[in-house]
Amino acid sequence: TIPGTGSSGHLVGGILLMILLGPYAGFITLSSVLVIQALFFADGGLLALGANIWNMGFYTSFVGWLIYKLIVGKNPSQLRISLAVIVASVVCLELGALSVVGETILSGISELPFQQFGLLMLGIHLPIGLIEGIITVGVLNLVYRIRPGLIQESLGVKGKEAGALSYRSIAFGFALSAIVIGGGLAWFASAHPDGLEWSIFKSYGEEELAFSGKIQEKIAQVQEKIAILPDYGFKVSESEKGEEIEQEESWPNISLGTSLAGIFGSIFVLVIAGGIGFGIARLKKDKNAGNSLEK
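For the record, in the sequence shown the residue sitting at position 244 is 246 according to the working numbering, with numbers rising by one throughout.
Note that these hints are calculated values from the structure, not bench results. A hint or two may mislead.
What follows is a set of in silico ranges between Cβ atoms, one per label pair, in the way DEER data are often shown [to be verified]:
id: 1; residue 1: 151; residue 2: 277; range: 30 to 36 Å
id: 2; residue 1: 222; residue 2: 137; range: 31 to 37 Å
id: 3; residue 1: 51; residue 2: 137; range: 24 to 30 Å
These numbers were taken from a predicted model, which means no experiment stands behind them. Note that CB positions come from ideal geometry on N, CA and C, so glycine has one too.
Construct all of the structure, not just a fragment, from the sequences and the given hints.
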């Protein structure tokens, strides 16, 4: 929850993935997360999937990478890394927010006022970016202490690994944390609308824009059938939706469906991230082996 606003924000995680996995692997991983959210949890429309990947994946993975490298330089330190992460988080979230405004206006199917909507989006995503940056710094500082090479390698710097924890131990720690957060702490997620919903409500009077196009309706029906845990909960009938909304507005929102969605989502993401990491490591190994044979 963003104090004094009635809005909330959720972590994108793109900057963290970019630093730990590199820009390309980070982009693929975050894109995979967005696909999983859209298909299995009906979070984000299928028509908006490409825009979401651009707004959250492209900026954090590639623009964020340029900002990160520029500030950290060739002599990475915890202070430089922390500053780079916060600046990159704020800039990338603001770029994403501005892109959402532009995409919405250019779509031609919205009556949102550009100036008001834009100012609200940029204003509310500034503290969201700062908070995400601070949380990301906390995670990276922990990783830097126990395995500095994991962060330094992406910058082409050879770090000292004496007494450092193994990659397997760190991966296990991330996996356990993801399951605990997704399975239990998700109950305590803010009941306030996110930055986009809040900005739309302030500009339009509703948290979501109503579209009546046949294409949108057809795709929404397909998405509803595909999703196994829509909106991170069990499927409910029309008569039960009122009770479901009341439950969602309560805090904490203790729900078995939310826990299962968090756990399954974490497993899906970890499998994808692990597969991408294994594939990249295998390619590097084969490339190094080929170079050795040529010599």
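Results for each hint:
Checked against the hint of 30 to 36 Å, the C-beta distance between residue 151 and residue 277 comes to roughly 22 Å, which is inconsistent with it. In this structure the supplied range 31 to 37 Å holds for residue 222 paired with residue 137, their Cβ-Cβ distance being about 33 Å. Taking 24 to 30 Å as the suggested C-beta distance range, the pair residue 51 and residue 137 conforms, at roughly 26 Å.
Violated hints amount to a single one, hint 1; each of the other numbered hints is respected by the structure.
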